[in-house]
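Asks: From first to last, the protein sequence lines stand for chains A, B and C. Note that UniProt numbering has the first sequence beginning at 1, numbered continuously upward. Note that UniProt numbering has the second sequence beginning at 1, numbered continuously upward. Note that UniProt numbering has the third sequence beginning at 1, numbered continuously upward.
Calculated directly from the structure, the hints in this document are not laboratory data. From the three backbone atoms N, C-alpha and C, an ideal C-beta is built for every residue, glycine too. Errors might be hidden in some of the hints.
Stated by the list, open to error - Quick list of simulated restraints, FRET-style, between CB atoms:
| # | chain 1 | residue 1 | chain 2 | residue 2 | range |
| --- | --- | --- | --- | --- | --- |
| 1 | C | 371 | B | 131 | 53 to 63 angstroms |
| 2 | A | 103 | B | 69 | 33 to 43 angstroms |
| 3 | C | 282 | A | 196 | 42 to 52 angstroms |
| 4 | C | 432 | A | 103 | 38 to 48 angstroms |
| 5 | C | 99 | B | 128 | 42 to 52 angstroms |
| 6 | C | 102 | B | 128 | 15 to 25 angstroms |
| 7 | B | 278 | A | 196 | 47 to 57 angstroms |
| 8 | A | 119 | B | 11 | 21 to 31 angstroms |
| 9 | C | 552 | A | 178 | 34 to 44 angstroms |
| 10 | B | 170 | C | 310 | 52 to 62 angstroms |
| 11 | C | 274 | B | 117 | 53 to 63 angstroms |
| 12 | B | 170 | C | 168 | 38 to 48 angstroms |
Said to hold, decoys possible - Residues on chain B that point at chain C, a partial pick, calculated with CB under 10 angstroms:
| # | residue |
| --- | --- |
| 13 | 5 |
| 14 | 213 |
| 15 | 224 |
| 16 | 225 |
| 17 | 232 |
| 18 | 236 |
| 19 | 312 |
As the list claims (entries may be wrong) - Some chain C residues well away from chain B (every beta-carbon gap over 10 angstroms; in silico):
| # | residue |
| --- | --- |
| 20 | 36 |
| 21 | 116 |
| 22 | 220 |
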Amino acid sequence: MSAVLQSTTPTAEPVANYRLSLRRFTRNKLAVAGLVVVVVFLLFCFVGPLLYSTDQTHTDLHQVNLGPSGAHWLGTDAVGHDEVGRLMFGGQVSLLVGLAAGVLATVIGTLWGATAGYVGGWADAVMMRVVDAGIAIPALFILLVVSAITTPDTLGLILVLGLVSWLVPSRLVRAETLTLKSRDYVLTLRATGGTHGRAIARHILPNSVSTIVVAATFQVADAILLVAYVSYLGLGVQPPKTDWGGMLSAGLTAAYSGRWWLIVPPGLAIILVVCAFNAIGDGLRDAFDVRGRG
Amino acid sequence: METLLYLLRRALQALVVILIVTVVVFCLLHALPGGPARGILGPQATAQQIAAFNHEQGLDRSLPVQYVYYLRTLLHGDLGTSYTLNEGVSQLIGQRLPKTLVLTVLSALVGLLLAIPLGMWQAVRRNKPADYVITTLSFVAYSTPVYFLGLILVLVFTQTLHWFPSQAPQGDTLAQVFADPVALVLPVVTGAASMVAVFSRYMRAATLENLSEDYVRTARAGGSRQGAILFRHVFRNSLTPVIAMLGYYVPVLFGGALVVEQLFNYPGMGLLFWSAAQSSDYPVLLGCVLVISVATVVGTLLADVVQRVVDPRVKAGRT
Amino acid sequence: MSGAEKDAEAEAAAEVGTAAETAAERVLEVEGLGVTFGTDTGDVPAVCDIALHVQPGETLALVGESGSGKSTVALAALGLLPGNARVSGRITVGGTQVVGTGEAELARLRGRTASMVFQEPATALDPLTRVGAQIAEVIRNHRPLSRAEAAREAVELLRRVGIPEPERRASAFPFQLSGGQRQRVVIAMAIANSPDLLIADEPTTALDVTVQAEILDLLRGLAADYGTGVLLVTHNMGVVADFADRVAVMLRGEIVETGPVEQVLLRPSHEYTQRLLAAVPRLALSGEDAPEREGASVVELRDVSVRFGRGPSAVQALDGVTLDVRPGETVGLVGESGSGKSTAARVALGLIPPDAGTVSLFGTDLGRTRGRRRRALLSGVGVVFQDPVASLDARMSVAECVAEPLRMHRRGMSSADRRARVAEVLELVRLPKELAARGPRELSGGQRQRVSLARSLVLEPRLLVADEPTSALDVSVQRTVLEVIAELQRELGFACLFVSHDLAVVQEFAQRVVVMRAGRVEEQGPTMSTLLRPRSDYTRRLIAAVPVPDPVVQRRRRAQERTEATA
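With the rest of the complex left out, here is chain A (with noise of 0.2 angstroms):
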């Protein structure tokens, strides 16, 4: 009869608890719009090419520095680039990095913030002394100097973003292996013979899940705010390849002559995707009732 009540029916209470986590979220109007304009820019940027076709590799000299028309909506760049084509060709490279080393830094976070918390003592203090001195050194400084010393390709990139941004989210996931570790079911578990794995697998890491990835949204967005700079300090990809935070660069000039199409776009498309995925962190926290980043 058990058997056939546990082969049946679910476990009843995550679902119910997820329901009530996602009612909570889109209840939360920000969060909605944010998720909303996240699957916009992902289909714009990477759907958009199929029906948009624009040639982004090719310079053409007959088009340069052409303002907003019916054959080009939002103009052409110093190179004859479209303006709409190039955002969708830039936003892919913008998305990907941002996605990719968000998720990196997360990753990377969670697993040094977890043993630090689990472990304890002497290895934790060691452990968030590094990540003090992490903190401590400013990301954009680093970046700038690993500018000067080199300039990675897409996949470098992706590895110099996580490797300065995973600081935060080891904060979090040990504060929340902290309070998981001492919850009476892990000491339960401990106290009648249960094994650190078995502990650390089955219970702090599936309690940690909200928590990582509320702290991963939030990491995404700081991420594509990151992949904006590094254009801006020199890092960025080589033409013809293109982000948005390179074409902002490449216009920053040009918006003191009048030419704001070339600003305004990517500009506000960095905004508002940011905005999202902020929100959506935002909306997800209250949700899953975590805590984290204000």
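Knowing the structure of chain A, use the given hints to seat chains B and C on it.
Replies: Chains B and C in isolation, oriented as in the chain A frame:
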């Protein structure tokens, strides 16, 4: 006594953090093309000069030994010599750091003075239109790359309205900087924007949390009005965690200064760093990283100490 | 005339009496009160059609179990309910209508006409404001005094509520005071403007039993001196017997019985009240010791010391503690908060390594056993902790929670066997097997504790360590859980180390008792002789402080205590 012990322990922690930073910088130094020898002798040095220098400085020894050497030169206040400016890095930084501090401290003050009342107001008007509008605005402010925001501000307030100059004060001394306060407006506002965004969120969260605390109910049960409760009790209790976050925000402020100084041509450490990056002036780059990191660690330490002064519980080692 | 008839007559007389009084004489009058909370999952009705009143100088106790809505009534009386509450009906405090009145007018009422004492002294005071200033604030809310005058009066109030060195303590921050002292400060705030009505919401629940007795004495004395009417909200029948003139019993948002305290506590008419009173553990005043158990100790702590922290702020949590549990017996570990009883249990479980002394479990030195052997040793132990919410991983189903020890220590077991075993223990703890697939969040507190118990028994342990297993539960639920434990112990024969602050519970369920105080064993021995004829002064005071749920007996004990104190 207990405060003294706490300060001692906290200072020791800060020292460890600074040591770790020096290790990171030391590693970067060795990752440089040509290594530290080129870092000190400059890009024109020949291979023989480098070999001789390496031997003389013990750079052909093991890395741990070299690290000890490196620490020793640091302790003498020697950060090397700039390739391009032909001046000691310590001197260069010494001239520029005060100006950067002026910029960051002003930005932080303006940011906090705006963020704290905004956050409290949002908490009181929770889920009302005003809260949504400010929340949206702070998301936008947080999500705008500083250089883009600065550009927009310049386009609007300099190019179009002609209210403020597009350059920050250029003087060498602090007196000269303060002599031209109008020129400081745009750089400070640009630097403060994301701070307002972040700290209004912190303050909103902290205020909301405190509003649901039992002591608020006790005060209400004693006949205190909402306003009195807010300003006499909730404000101070919400401020303490926000102050604690301030320490962690110091590196972000310096990062902002890096961009703001370049944007408004303000001759502080950020601009020095920037031009050093353009000319691969490694000693300046790493010297700046080291100084900024130490400043951050000290800033965090100060934030902790301030929190201890404000919150009697922390003073007693309890929370 | 039979007892029931007499009661009926008394009630009729009371009715006539109340009818004769004008409503204005009552300091609190509640009629047809209904409260509904709007939540994420829809509207939740909390209380419905409540009618009660408090006259000057009398104490009405509002009793009930958790979720009965008694605190909601108390908060509604001062208009302090959270924003999602919808209130209907009439509440009159000192002639002022509360329901529907604006905050500004309520603020004039609160702290002057009526004031409130809350349950949690740890959080009821602003941590960053000196206690004197917090009292002065209440004074100046209602009276045009200067800062200095209010501060002087605050010191007087602190003296009045029995805080030693009030001049000095007025400038203390709340964290510098003990829980009992903090509650005295909250009381000082409540009486600062001599209110007509004092609402006390579980005022002693968070306090140790000796402190509880002091606070109740204080409240009783103040109410008598000022002629204040008191609405006392509590779940503790002993407190009711000690304090109340009349009692209203609440069940699921409604009042089911009202009457004078002797009548309700000694001759309850409603079936629920009868059940509630039957479930309350009572200190027995006579009894025989259980025969001493034979056999080698299951667990033994010898000269165990534990220090938490380092430097000057270190705390000596245990100081030379020696105790043991023999096969099949229950040893009650009692003491007030901070006595080290939970730490001792955790040392026995190997969760806290002792700084000095040894722990031997099933005859093996736990401190010297590592790895696989240690895990095998610990598989003979079952654990039940206090908090029903934190004891179970909310992400697992009940069946998974109970099966976890099997997965840990019976690796070879087939999943069919495992399911069968889980079903078997769930039946042992009297849980319907339909619950197996549910999540802990869908269960009540008592059900969760029984799941914890099932998990602890699934490997047939030789020792059960239960750390306050029923402290978070209502009395009726507490009784069923305790009975299940006792019954299974008789059946399965495990030994039990039972940590509790409740002397009545320990007296009923333990054969031996260990009294702890400030990290040391104050005394230990067979339960009955230790608790009925305590050798140590501390144990005697501890027992005297426990209020018994019988107003007549409690009055006698109090009088006796007073004469002994003066003698």
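Asks: For each hint, tell me whether it holds in the structure or not.
Replies: These are the hints, each one checked on the structure:
One distance hint, 53 to 63 angstroms for the beta-carbon pair residue 371 (chain C) and residue 131 (chain B), holds here, with the actual separation near 56 angstroms. The hinted range of 33 to 43 angstroms is satisfied by residue 103 (chain A) and residue 69 (chain B), whose Cβ atoms lie roughly 40 angstroms apart. A hinted range of 42 to 52 angstroms for the beta carbons of residue 282 (chain C) and residue 196 (chain A) is consistent with their spacing of about 45 angstroms. About 44 angstroms separates the C-beta atoms of residue 432 (chain C) and residue 103 (chain A), a value consistent with the hinted range of 38 to 48 angstroms.
A beta carbon spacing of about 25 angstroms between residue 99 (chain C) and residue 128 (chain B) contradicts the range 42 to 52 angstroms that was offered as a hint. Separation of residue 102 (chain C) from residue 128 (chain B) is about 19 angstroms and conforms to the stated range, judged on CB atoms against 15 to 25 angstroms. In this structure the hint that residue 278 (chain B) and residue 196 (chain A) lie 47 to 57 angstroms apart at CB holds, the actual value being about 51 angstroms. The hinted window of 21 to 31 angstroms between residue 119 (chain A) and residue 11 (chain B) holds, with their beta carbons roughly 25 angstroms apart.
The hinted window of 34 to 44 angstroms between residue 552 (chain C) and residue 178 (chain A) is violated, with their beta carbons roughly 52 angstroms apart. Judged by the Cβ atoms, the range 52 to 62 angstroms given for residue 170 (chain B) and residue 310 (chain C) holds: they are separated by roughly 54 angstroms. A hinted range of 53 to 63 angstroms for the beta carbons of residue 274 (chain C) and residue 117 (chain B) is consistent with their spacing of about 58 angstroms. Checked against the hint of 38 to 48 angstroms, the C-beta distance between residue 170 (chain B) and residue 168 (chain C) comes to roughly 59 angstroms, which is inconsistent with it.
The closest approach between the C-beta of residue 5 (chain B) and any C-beta of chain C is roughly 6 angstroms, which is under the 10 angstroms cut-off, so the hint is satisfied. For residue 213 (chain B), the interface hint holds, the least distance from its beta-carbon to any beta-carbon of chain C being 6 angstroms, beneath 10 angstroms. For the restraint placing residue 224 (chain B) at the interface with chain C, the shortest Cβ-Cβ distance is roughly 6 angstroms, inside the 10 angstroms limit, so the hint holds. Interface restraint check for residue 225 (chain B): the shortest CB-CB distance to chain C comes to about 5 angstroms, inside 10 angstroms, so the restraint holds.
Against a cut-off of 10 angstroms between C-beta atoms, the interface hint on residue 232 (chain B) holds, since the closest Cβ of chain C lies about 7 angstroms away. For the restraint placing residue 236 (chain B) at the interface with chain C, the shortest Cβ-Cβ distance is roughly 5 angstroms, inside the 10 angstroms limit, so the hint holds. Below 10 angstroms, beta-carbon pairs count as interface contacts, and residue 312 (chain B) has one with chain C at about 5 angstroms; its hint therefore holds. With a least beta-carbon separation of about 20 angstroms from chain B, residue 36 (chain C) lies farther than 10 angstroms from that chain, consistent with its non-interface assignment.
With a least beta-carbon separation of about 4 angstroms from chain B, residue 116 (chain C) fails to lie farther than 10 angstroms from that chain, contradicting its non-interface assignment. Even its closest Cβ contact with chain B, about 21 angstroms, leaves residue 220 (chain C) beyond 10 angstroms, as expected for a residue assigned away from the interface.
In summary, the structure is inconsistent with hints 5, 9, 12, 21 from the numbered list given earlier, while agreeing with the others.
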